[in-house]
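Here is how the chains run, residue by residue.
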Amino acid sequence: MAARYLILEDGSVYAGEGFGAPAVTFGEVVFNTSMAGYQEIITNPIYDNELIVFTQPNIGNVSIHRNIYESIVPAAKGVIVRDLAAFDDHQRQSLAHYLEQMNIPGIKNVDTRALVKKIRSADGPIRGSIVPVPDDHAFDQLHATVLTNQQVAQVATPKPYPNPDVGKTVVVVDFGLKNGTLRELSRRRCNVTVLPYTSTAEQILRLDPDGVVFSSGPGDPRSLKKSVLAMIQEVEQHVPCLAIGLGHELFAMANGANVTRLPVEHHGMNHPIKEIITDQIVYASQSVGYEVERESVDRSKLFVTYVDLLDNSVQGLRHRKYPAFSVQFFPGGAPGPDETDPLFDEFMDLMDQQRGDQFD
Amino acid sequence: MTEKPKALIIGAGSDNLQQGGELDFATLEIGATLQHAGYETILVDDNPFSTALDTSRAINYPHVLPLTAKSILDLIDQYHPTMIVPTLGGRRAFELLQTVSESGSLTEHDIKIAGVPESTIRQVNNPVLLNQTLRRLKAPTKKIATVANYQDALEVARKVGFPVVVRPVLPRSLRMRRIVQDPDELQQAVSRGIELSRSGQVLVQQSLAGLKEIEALVMRDASGTMMLLGMLEDVDPIGIHAGDSITVLPSQTLLDRQVQDMRNMAFALTRKLRIVGINHVQFAFDEQQDRYYVIKNSPYFDRIATFTEIATGYPISRVVGHLYAGELLRNIRLDHGLMKHTAVTEPVMDRTAVRLPVFPFEQLQIDNQKLGTQKKSVGSTIGIGRSLIEALIKAVADYQLGWHNGQVKLIQGISDGQLDQLLIHPQGDRLYSLIEAIRRGYSEKELTELTKIDFYYLAQLKRLVAMQQEIQKLQKSPAVLKKAKYWGIGDSKVAEWWGVDDSQIADLRQQHQINRTFKEVDPSAGEFDQHTKSFYSTFELTNESLPEGDHSILVIGSGPRRLGNGNANDYVVAKVMDELKIHGYRTIFVNDNPSSPTMSGLFTDKRYVEPLVIETIADIIRIEHPVAVLISSNESELLERFHNQYGDQLKLISLPTDDQLEDVVSTEPLLEYNALFDGQYVYPLGTTAALQGDDELSYRTVAKRYPTTLKGAAVKKVTDLGEQTVRGLTTPGLYQVLLSGDALGDYHVEMTRPLPATDIAFLSKVLQLDLPAVIARLAINKFSGKLLQESMQNEPISRTALYRAIFPFNALQIREPPTALKVMGAEMQFIE
Chain A
1 MAARYLILED
11 GSVYAGEGFG
21 APAVTFGEVV
31 FNTSMAGYQE
41 IITNPIYDNE
51 LIVFTQPNIG
61 NVSIHRNIYE
71 SIVPAAKGVI
81 VRDLAAFDDH
91 QRQSLAHYLE
101 QMNIPGIKNV
111 DTRALVKKIR
121 SADGPIRGSI
131 VPVPDDHAFD
141 QLHATVLTNQ
151 QVAQVATPKP
161 YPNPDVGKTV
171 VVVDFGLKNG
181 TLRELSRRRC
191 NVTVLPYTST
201 AEQILRLDPD
211 GVVFSSGPGD
221 PRSLKKSVLA
231 MIQEVEQHVP
241 CLAIGLGHEL
251 FAMANGANVT
261 RLPVEHHGMN
271 HPIKEIITDQ
281 IVYASQSVGY
291 EVERESVDRS
301 KLFVTYVDLL
311 DNSVQGLRHR
321 KYPAFSVQFF
331 PGGAPGPDET
341 DPLFDEFMDL
351 MDQQRGDQFD
Chain B
1 MTEKPKALII
11 GAGSDNLQQG
21 GELDFATLEI
31 GATLQHAGYE
41 TILVDDNPFS
51 TALDTSRAIN
61 YPHVLPLTAK
71 SILDLIDQYH
81 PTMIVPTLGG
91 RRAFELLQTV
101 SESGSLTEHD
111 IKIAGVPEST
121 IRQVNNPVLL
131 NQTLRRLKAP
141 TKKIATVANY
151 QDALEVARKV
161 GFPVVVRPVL
171 PRSLRMRRIV
181 QDPDELQQAV
191 SRGIELSRSG
201 QVLVQQSLAG
211 LKEIEALVMR
221 DASGTMMLLG
231 MLEDVDPIGI
241 HAGDSITVLP
251 SQTLLDRQVQ
261 DMRNMAFALT
271 RKLRIVGINH
281 VQFAFDEQQD
291 RYYVIKNSPY
301 FDRIATFTEI
311 ATGYPISRVV
321 GHLYAGELLR
331 NIRLDHGLMK
341 HTAVTEPVMD
351 RTAVRLPVFP
361 FEQLQIDNQK
371 LGTQKKSVGS
381 TIGIGRSLIE
391 ALIKAVADYQ
401 LGWHNGQVKL
411 IQGISDGQLD
421 QLLIHPQGDR
431 LYSLIEAIRR
441 GYSEKELTEL
451 TKIDFYYLAQ
461 LKRLVAMQQE
471 IQKLQKSPAV
481 LKKAKYWGIG
491 DSKVAEWWGV
501 DDSQIADLRQ
511 QHQINRTFKE
521 VDPSAGEFDQ
531 HTKSFYSTFE
541 LTNESLPEGD
551 HSILVIGSGP
561 RRLGNGNAND
571 YVVAKVMDEL
581 KIHGYRTIFV
591 NDNPSSPTMS
601 GLFTDKRYVE
611 PLVIETIADI
621 IRIEHPVAVL
631 ISSNESELLE
641 RFHNQYGDQL
651 KLISLPTDDQ
661 LEDVVSTEPL
671 LEYNALFDGQ
681 YVYPLGTTAA
691 LQGDDELSYR
701 TVAKRYPTTL
711 KGAAVKKVTD
721 LGEQTVRGLT
731 TPGLYQVLLS
741 GDALGDYHVE
751 MTRPLPATDI
761 AFLSKVLQLD
771 LPAVIARLAI
781 NKFSGKLLQE
791 SMQNEPISRT
801 ALYRAIFPFN
811 ALQIREPPTA
821 LKVMGAEMQF
831 IE
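Those protein sequences? They're chains A and B, same order as listed. For the first sequence, position 37 (counting from the first letter as 1) is numbered 37 according to the working numbering, and the numbering increases by one without interruption. For the second sequence, position 629 (counting from the first letter as 1) is numbered 629 according to the working numbering, and the numbering increases by one without interruption.
Just chain B, same shape as in the assembly (with noise of 0.2 Å):
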């Protein structure tokens, strides 16, 4: 048998804020349809919260490696691939695969780079080269300037006028963007970023804010042809950062010329970077001189590419891997529910789909809540409806703000001075001063002039207040909750309005028959009879959605990335209902995280893209009859209400919640004793070891090693002790037992908690063992101990596994102790 031919992907990463579950997902998809096609796929990363890294069925060869040029040099010795992929891994990728491009490895093994010429990588890596394409292509492009020094940035920046933005040439790890609107701040910006350089220059261009930002996703494959997958827009202007804007799928502002204008140019673009793949291009659009700029051009997967196969139901990665297995757009043939040429077919809407970015201020003291050029926001919510205002609405369900907490009723009591500064720099909680500025009269064109903020965006949220107030004046009418449901609005929002129980707005809903219809997120609009298995929901005529079976589990997904679990929580989700399809149950998922690897065919049979609130999640249990439901660890909100609700009539199944993800610090030396307890036996998981911190005082749990360093009789007495504190409890589970030593040798219990998702993560790639399997057999009652002690003996641990979490401080210019509430994300390595 002749050998397979290899795949290497250059992986993410620890998550951060740049990006997070989208390209976990996108791997996904892009391994295993590799796989379909013949190829063998091997995943290089270092990010312990990696689905991919441990689902088989995606990547064959999974190596925990540091992401450097040399890890990948070793593997392409190692596997001899035929094909490496970048565009999985951010720009880091692109920027690792350029040195390893130069190395002159890839010529010499004939390796082809998947997805972008190698020009072009250069290219994408080096803002000079890539505005020298632009100019040659006549596309339209902001003034930009490389200088070495503050004298030259004066010059230009005196020359395009103030504001300019500020940026490194070739930055380091952390990424800088300033938008400076004067000599002094010009001085401050170009200093830092003449540091952050790796070759001590810095870009200065004009700035466009105030200017639309549109977002174009390009498909091009080896015989030239080109679709556009979506043009998105942007609520806020340029100015905020597109990753904290709130993006709108497809554009609702734009003439059809428009769009057609920046489809040209998005596809001119495309072709002459001889992409094969996707291609985000983004835009600055100014309606005054109805002209645009052409700001961004990323070649690779990011939360663009995802939000838009979520929501236009056209499996971009899946497309996309059968490209890189050297098939034609017109040739690929997708799953059954698809027809013939759906990957040739440019995906069209019936709906809105409503990206929100998710802020951590609550979790994080942060000082300038300002939204500005750097991203602040750590996660995302979908909303998808049929008409904006629902899909708006819908996004912001499950959002921690809710529309009458603290924040809300600060904005009240601010004055109107006061008010024109929030709407003038506005902050993540912009969508409640924009609704409290239309509460106080300001008319929709002030507000314009104000926020940059396109009229008719203002004009759908001045319908929601005038709905609001109907609502409050009409209590109890059926009719005006008829609309409201309508609208989007939900029941606890609607009894809080009219002061009553949200179980009486239900009561009210059954007695009219205000039910809730879901439909199909088809990529052609209803035009074939097409079939995704994704739904959402909206209050309308006919419903699309049939029971799934009678052998089903509804997992109720961990919503938007929040700091904490991030995505170790998506992580254990996955590879749960992973689990649940192997013992021959059908998964039904409901989540509203458009990043997120829960979301792939991979681990579940059908989708519900709704936010995460029990009288949506009651109308999905009363069409799927699922045997149990599965809810996941951020929803401890929802797990109370569920067992209020459905205790007696229904299977609960609850994952680790991260109530107990308490931070312990220790002066001491800090143990963790891991260990799953099946409710007889306890089977020890080995121990990991603290860290200890950069002030080399304390212990804390962030970072942390396997096995310890312990010896002799210290194992001993670590092991019985937790496993004794283990056995004293109840319910079976994964189990951590928190340790500190004292100066006498003596171990002391500080606390036992369910083992955290971050945990369970990286364990499950040190001990090479499936835990979250576990928990899912646990849950089934089709736990075996033997079958665990026998994969634990046969692959003895020789190797030391280091953890560490990364925070989102340096990128938040903010200081603050690392601790396990405020985890981003992490990394992991292997020393021998």
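For reference, chain A alone in the conformation it holds in the complex (with noise of 0.2 Å):
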């Protein structure tokens, strides 16, 4: 394909090559540090309006594999990389073609090392986009585009939609849900329904489930409406709740907290978690943008369970009252390590408990 270029909006430019989709697109630049599971970090709807680089240089080498989407539509707006695989195993779909199907400008033969120093050392997110030709219009309609934050309405679902199975009836309120979510929930053959993020506790609880999970998604916490944060406080009084994600920052700022917007995104597996109560040490697929600020956890509400060991940021956050938890992280990998995934067990364990103590 012809050749692309990657703008920021500090006027700098990155030769390259385009693939996947050729439309022009534009989006927050950020970097992901995962080795491997590119397909499942690309449909992650966290990526709502942002252009992934990857620093794993090679992508695309096991094509596009049906069982490991995190999204029926991905949500990411470009794809940057060093060296694409391009070639076609008869077997599955490139990651070339994928893109393109799914309109997603993908751009190849990138300095992504060059780029990723960029990100990493500006005063906060840096927006960029894909343009056939890096001239003053480009540089131009980047500089007036400006991205929605409306981004949690764009990749949630409008509708319920019910994924039965015949154990603990679970509601998980969707803010931008990747499918690990609801396969760890599989597992543990928990009677799902998904709901908007707009709904409200009432219509939460009416469904009497066991217990509630609040997705991660994309964006800022702080442009969802106030209404979700009373949804949130009214139904951890009720029922066990885990919250991941953009729903551990919406659990903690629902319970007093504030949250802020991190100078450089982090996303990638690779950071030291400890969880505080045990002393240990944990790997997870982090993609954080926005962190609770750790003083401003009402401690008489909340006890911080697990912190980053590289920034100090608070990764995980229990109520001390309501049988309540959540964490920054994504257990459940996909991708990512599986070292975390027992969290979901402790939620079938509390929603064990709640039962047990509502028959007492």
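Just so you know, these hints were derived from the structure itself, not from any lab. Every residue, glycine too, gets a C-beta built ideally from N, C-alpha and C. A hint or two may mislead.
Sample of chain B residues facing chain A (criterion: CB under 8 Å; computed from the structure) [what the hints assert, rightly or not]:
| # | residue |
| --- | --- |
| 1 | Thr225 |
| 2 | His341 |
| 3 | Asp350 |
| 4 | Lys519 |
| 5 | Glu540 |
| 6 | Thr542 |
Hints in hand, dock the two standalone chains.
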């Protein structure tokens, strides 16, 4: 394909070659340091409005597999790689072909390391655009582009849908759910109903769930309506809750904490995360753009359960009074380590105990 | 003052086909780390080429002793160590430690075993025990049975189905592993295996040949924290020894799910074996069935550990040193360039690293060059690049088999039928067979079936072939040149395809600003501002390598291990750099050997992990402006090109070359008079005597003793003749005069040559003199004869030392005369 350029709002230009969809695209440029799992990453709705830079230089090596999507329609705005494994193995769809079908532009042969260093040393989020010609017009367009802050609305389900099974009844509130969460619940035979994030506490509790999951999702938790926080404040009082990613940030806010934007987003799976109570270190898939301010956590309501050792950021919270807890990272991997999968078992245990208590 | 705790390290012994400089590298790093942590270190080894034995910054008490339980027990009595380290001496150290442990000495003296509990050592030493553990963990393993005769073996083989693999239980020195297809082959293998077994038993196993080989490297600390250091993938399938396989880091053809499954299993195993430090777990992965088998578990240092360290920038050996000193991963503080918690952050890469084995087929007459379950390669190169192709080409660049040498021509001339055979039964040059097959239009699908190599790699080679065709078609196109460089293709290759001089390519590159850029090997893929001062090159936007300073010397390493000087070259290079640093020089080092002590930060201020080709070195010189360039012995061709290009502008220092490493065989007693000549005076370094070979008919310089058994007048005759010969030379340096004695008691000069690296290493240990330091001092005009004489007089040598070279012939199952050009390693011993 023809020459394409990644341009950044600070005026820098990275030459490359296009693949995937030949469209012009805009978004915040973030990098992911995972060394495997590009398909799961690209299809995670958390990348809505974002151009993903893969630091692992060879991408596309295993084509596209039918059973590891993290969403049906990927929300990422673009894919930036050093080397694309351009081949057709006659069995599976190639990454390039998939992106083309999904209307996602890609750019390859980019000095992704130079790009990562640029993103890392910028003062804040950096926006970019993949364009055919890096001229003034392209830059004007980039500067004029206003990225929506309605990301959750873009990716979350507008309608409820069931994922039936025979076990515990669980409501998943969808803020931009990735399939991995449903997979973990299915593995535990949960009878799941996925509800839109706009659902009220009453609508949720009317389903009489054993527990509620507040899903991960893209964007700024502060841009969501306050009613979401009210919903969480109500639900957590009644049933066990597990909150993940964006859900974790909202859970923290619902319980009085502040959330701030990180100057550099972190996407990867190699940071040491300490579980405070056991003093154990685990690794997990992380996609963090916002963090819960540690100082703002109301210790009378919440306590910190996990911290990232590299930046000391809050990675997990638990409610002192209610059977509710949250994690910033993604248990269940996809992609990423499985070490924190037992958090879903813990959620199951909480649901067991809660039912027991009610019958007592 | 209280006495410091002591750590006793069991050395690796002579370099051999299975191990080499990687253990020396790790010993240096761990020794130095333990010293920093307040330990005194003791190393027992009988390897004259060991750098660690002669590096006081890593080892306080070096002991040249035979690697036996007795030596270890004696040292325990002498030093009362608090810790014994068995993970730096390969499998043998585990076996030795088990014997030592069974003697009760460790319990008696309350000595802790670093890295592994005793029960784990027993399991690693005994596959049957290890298999029980694996079964308890529900780890999928191949079917395996221990038998003591052919009938039982046949029964097992029929049950699991041919082919099966036969191995001796508790093998004697020689390892054997054979894959057999039918009862006849089985019978042969079983009887040979029983012969080689100390218990008279063999293991018969299900064959996993053809599956994908995956290697996981795991780190664990005493608190149970576990991290994945690397998931590596062999391009070659199971059936080809992992050490002979082309290895890629990180794995390229696995789904995340598969990576995680094997990671979990490697963690479970490491936890179960209660390992503190590293564990290398090998898997066979069956892609069709989406199922893996655990095939090997090695909780000790090996080639994969050092390769991973160099490729990721994560300082594995140093971290393990901290763990042995009792620290936890989360508390380890590494050097200035690395951040606070790097030790506990899993390394990630924004580069690809390829480990390419180097085979001795040009040096040895090996009829069967087919790759199999027994290792045949003697060394390896590392290529780091920003794409798989670039990494692969860079690994190949310094490999002796060029793309267009005789071997390639040969492959181009064979029939399709013969080519099929080469694809099914690959040899050391399989990359060229694959490339030739692609040229002939074999599809990736066909090739996958023939070779069991993953589609992805074949597709990459196909891109390369297309690239070559494009380069050949578009002669002298700057755009194509730019693309070729981006893919890692060397100037000389493009020049060859365009039929022009290398210099024209260099000019064209300069004209069009096609510039090499260097990137740092950092363990966080650029996420954090971390520095390891290890660099590799590529052709991208930004360069990260800044000049090291105005007092630097660029040292060009000796490349992959080859037969001849073996690791003795690395010994000399490492020690020369050590001395240069003492004199205030910054040492900048270029090498592409992932198994070499020279890569240690103890000797180098900055490293370029690059093939030893002139275009790269020229670019490094352009950045660094060193005051001198030091070229090691293996690279005589490079040296010549250097002289042509830089002769006038740059000071060139060359180390002894192995061109002079002729084999001298004599029916008369052979003597070697060794001396240092500073241009004015001759300083005798003593005379060694060649020992008789096994045939007892000839003397060869591959086995020798120090001093000779000469008496009286003969001593004077020899030294006078030697001294006279050396005095007649013009260039200062270390020299060796070979003399043969006749029946009349007269001596004749056979040849005079620079002292070979093997002898530099040996004599340094015998005389307790730092001879590489002498080389360094001569080179920088800091040599003082007075100092040398003083240090020689301080410690008169009263012991006799024996040196015996080791050859790879047994391991390769060939018979050849043991000549100096085929030395793989050596053993030494002091006798009273």
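Chain A contact restraint on histidine 341 of chain B - CB to CB distance below 8 Å
holds, 5 Å
Classify the hint on lysine 519 of chain B as holds or violated, based on whether any CB of chain A lies nearer than 8 Å to its CB.
holds, 6 Å
Per the CB criterion, is threonine 542 of chain B less than 8 Å away from chain A?
holds, 4 Å
Regarding the hint that threonine 225 of chain B lies at the interface with chain A, is the smallest CB-CB distance below 8 Å?
holds, 4 Å
Mind checking the CB of glutamate 540 of chain B against every CB in chain A and telling me if the closest is under 8 Å?
holds, 4 Å
Given aspartate 350 of chain B as an interface hint, is its Cβ closer than 8 Å to any Cβ of chain A?
It holds, given that the least Cβ distance between aspartate 350 of chain B and chain A is near 4 Å, below 8 Å.
Of the hints listed earlier, there is not a single one the structure fails to meet.
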